[in-house]
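Engineer: For reference, the chains in residue letters:
2 protein chains.
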Amino acid sequence: MKVIIIGGVAAGMSAASKLKRLKEDTEIIVYEKGSDLSYGACGMPYFISDVIKEEASLIARTKDEFLKRGINVHTQHEVIKVDTDQKQLSIKDLENNTIIYDTYDKLIIATGASAIRLPVEGKTLKGIHTLKTLEDARSLKQRLQDETVQKIAVIGGGFIGLEVVESIVESGKKAILIEREPQLMPQYDADIMAPITTMLARAGVEIHLGETVKAYQGDETVSRIKTDKRTLSVDLVIEAIGVKPDTGFLEDSDIKRHDNGAVIVDKQLRTNLEDIYAAGDCATVYHRLKDSFTAYVPLGTHANKAGRIIAENIAGNPITFPGVIGSNHLKCLQYEIAKTGLSEKEAEALDLAFDTVMVKAANQAGYYPDAKPVHIKLTFERHTHRLLGCQMVGEKGVALRINIMATAIQAGMDAQTFSNLDLAYAPPFSPVWDPLQVATNQIK
Amino acid sequence: MKVIIIGGVAAGMSAASKLKRLKEDTEIIVYEKGSDLSYGACGMPYFISDVIKEEASLIARTKDEFLKRGINVHTQHEVIKVDTDQKQLSIKDLENNTIIYDTYDKLIIATGASAIRLPVEGKTLKGIHTLKTLEDARSLKQRLQDETVQKIAVIGGGFIGLEVVESIVESGKKAILIEREPQLMPQYDADIMAPITTMLARAGVEIHLGETVKAYQGDETVSRIKTDKRTLSVDLVIEAIGVKPDTGFLEDSDIKRHDNGAVIVDKQLRTNLEDIYAAGDCATVYHRLKDSFTAYVPLGTHANKAGRIIAENIAGNPITFPGVIGSNHLKCLQYEIAKTGLSEKEAEALDLAFDTVMVKAANQAGYYPDAKPVHIKLTFERHTHRLLGCQMVGEKGVALRINIMATAIQAGMDAQTFSNLDLAYAPPFSPVWDPLQVATNQIK
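Chains as they are written, first to last, in my numbering: chain A, 101 to 544; chain B, 101 to 544.
No wet-lab data here; the hints were simulated from the structure. Please note that a few of the clues may not be correct.
Same chains, same label: a pair holds when it works inside one copy or across any pair of copies.
To be verified - In the DSS-like style, the derived pairs of lysine-lysine whose C-alpha atoms are separated by at most 25 Å in a straight line are:
| no. | residue 1 | residue 2 |
| --- | --- | --- |
| 1 | Lys472 | Lys431 |
| 2 | Lys544 | Lys123 |
| 3 | Lys153 | Lys344 |
| 4 | Lys120 | Lys460 |
| 5 | Lys274 | Lys206 |
Can you build the whole structure from these sequences, using the hints too?
Structural biologist: Written out as structure tokens, the structure is:
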């Protein structure tokens with residue numbers, strides 16, 4: 101059996117490695133259009149700030165290591181066309197500028213996504229960066245080490261935006277954060293994010309919410325941003341406004357894609373065409389709480405799980421991916437921000453019969469030194485009290501604690517069952533009632 | 101309705117407060133034989149070491165606060181007899197040395213437990229302490245501040261023992277730890293505890309495992325411990341070998357008790373006699389994984405939950421306590437130690453068909469600075485792969501992470517379902533596969 105994988109980062113190389121372990125005699129060929137393989141993209145915000153010094157730390161496995169395992173990896177090879185009838189690919193060798201052809205028995209599409217760029221005047225000026233590939237990270241890291249670069253605008257107050265703002269603040273430079281929505285982290289509810297906005301402002305970040313970039317200006321290099329409200333003087337711009345699936349090469353194929361271009365897959369990560377799978381940032385994912393096959397949640401953790409499950413399926417084990425519920429967390433300076441399941445606005449959009457509670461509780465026994473408040477907002481089904489979502493912010497005990505609630509929600513637990521869970525307790529780590537149980541105790 | 105509660109610490113005062121909120125017109129009378137009410141006993145190891153400076157920090161609510169809420173609290177009142185036919189109590193007023201009588205409609209037994217003492221020669225010498233009551237803590241704190249007290253023996257390597265050893269090490273004094281079993285934390289498996297023994301020895305703790313205290317020696321005050329293997333010179337002794345339920349006053353009653361004296365209750369915390377409930381360290385608790393009503397797990401977190409559930413039942417809401425699975429964690433110097441569900445030896449004792457896996461995984465992305473290994477041991481049902489237990493030790497990301505697995509076990513989850521859970525991920529907090537999922541991925 102010959103398996104071709106298009107894309108050699110998270111989903112693609114997870115699938116390759118797992119498949120080789122499950123069925124050693126499988127012929128596996130990977131075509132990656134970039135130069136880098138299997139890197140930890142989520143570490144890039146820490147690489148550009150020099151928290152992570154060496155680029156090599158981000159590389160999980162090198163090309164040589166894959167070749168040694170019998171996985172035939174070709175970098176600088178861009179697949180430009182898929183003929184699903186003939187099971188044949190057209191591939192551009194970017195180094196030699198030639199076209200080659202190859203055929204597959206099974207195909208895995210794992211091409212990832214690209215940074216969305218703002219389509220505004222001045223967008224081709226120098227000094228406007230994104231942070232999606234390792235190449236982006238290299239060039240951004242270099243620019244940030246330039247001492248003449250002091251005022252840095254970050255466009256977009258989502259995950260990458262806030263992680264990058266942290267880097268800038270810690271480097272002692274000036275961060276200017278511009279977000280189109282009237283709040284940071286727009287997938288969260290506005291009320292739970294309020295303490296983060298306050299904290300960032302206190303840390304010296306200039307925050308502009310509900311403000312839209314209209315143009316970049318400057319002489320060769322960007323030096324001003326014109327928004328709908330003002331003109332800002334800047335030395336560098338980092339756009340972090342989201343990503344779009346890299347699936348343009350499928351345009352002439354019959355492979356079904358979602359509105360944003362993501363390949364639509366079922367719970368076995370199969371596309372609509374036999375023998376073709378897709379996973380990672382180029383594909384949709386099943387959302388358990390929305391009961392939707394067209395959710396787009398481009399995160400490394402899903403890419404890794406999905407790659408592994410494709411390998412199992414190709415190896416003959418029909419395992420399904422139960423889907424996602426929207427769990428995420430991030431560090432932003434001294435704060436931890438976390439969410440799982442549905443926010444209030446997501447529950448509203450689904451037209452569910454739900455209610456919310458919001459509590460503030462200590463992360464640990466109040467008498468143990470250095471306890472910090474944790475803000476918790478729960479979303480739950482009105483009549484059954486089934487838990488639907490949780491959002492948390494605080495300085496301690498937030499990031500890992502969200503996964504307790506993530507597990508409960510995926511188990512279909514209601515508030516009372518959660519309140520009575522036997523959770524470990526000791527003063528340095530938790531009050532006698534865990535903050536999450538303090539919250540579920542409010543649901544009556 | 102007149103409710104009498106015997107015992108005014110965790111279970112008793114939780115029940116009193118909750119019942120007053122649910123049914124304000126209930127007459128609630130509390131008899132507590134000690135002087136202190138509603139204190140955070142779990143904070144005492146940190147109080148004696150001066151990590152917690154003020155005793156007042158440990159007091160959740162004062163007598164005056166309870167009185168103001170209409171809860172009639174009597175301290176220094178010891179219930180010495182229960183006449184369950186007449187629904188009458190005999191109570192000794194310890195201040196005035198008189199006997200009074202009172203009658204109840206509903207009775208809650210929440211008398212807690214006392215420290216077990218070693219029944220050895222020299223046990224009445226001065227300088228031998230326990231740490232069960234706030235009075236114990238006061239006198240121990242005073243002794244530890246004495247500069248002539250330098251060599252302190254801790255008898256018992258369980259929770260309290262290790263927390264106290266931490267205190268001693270951090271105060272710069274010499275800790276000598278003596279444990280009868282051949283390992284620390286005997287309810288854990290020996291293999292998972294090995295890194296802790298090594299760490300404590302490196303921190304300068306003199307550890308004697310598998311060694312039994314035979315006698316205390318000294319002139320008025322203890323100065324030597326004779327064990328079955330050697331004689332140790334000491335300035336102070338702290339016994340931390342467990343607790344026994346304070347239920348001697350029930351000896352002549354028909355209230356059913358377990359071998360160790362704990363009052364046996366059902367899932368509604370009812371004893372065998374109508375209108376009589378029991379909770380906290382004086383009662384048994386239902387263990388979900390052992391399917392046993394005679395488990396004895398004296399922990400504050402269960403006492404608080406059980407107290408609240410008794411109040412609901414008395415108020416007419418027949419809520420059940422689903423039971424415990426043995427979740428606990430503790431801090432010991434730079435390490436976190438945690439367990440939920442069944443250890444290997446507990447699964448063996450139950451004669452279950454089970455297997456175990458043991459893994460070492462990083463607590464966070466390997467490339468993010470200061471990642472630490474987490475040692476994880478899982479116990480699971482052999483044929484179904486249902487998760488039965490988890491033990492973890494490590495320097496970071498252990499204490500809160502155990503509650504993710506505690507929730508999964510209580511939901512009846514199997515390994516594959518756990519591996520596919522959507523858990524939040526970001527480099528400072530977790531690798532792309534959570535360490536717990538790295539462990540469940542090993543179950544095939």
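Engineer: Decide, hint by hint, whether the structure agrees.
Structural biologist: Hints, verified against the model:
no. : hint               : verdict
1   : Lys472 with Lys431 : both (16 Å within a copy, 18 Å between copies)
2   : Lys544 with Lys123 : between (53 Å within a copy, 15 Å between copies)
3   : Lys153 with Lys344 : neither (29 Å within a copy, 55 Å between copies)
4   : Lys120 with Lys460 : between (49 Å within a copy, 23 Å between copies)
5   : Lys274 with Lys206 : neither (50 Å within a copy, 66 Å between copies)
Taken one by one, the earlier hints fail for this structure at numbers 3, 5, listed in ascending order.
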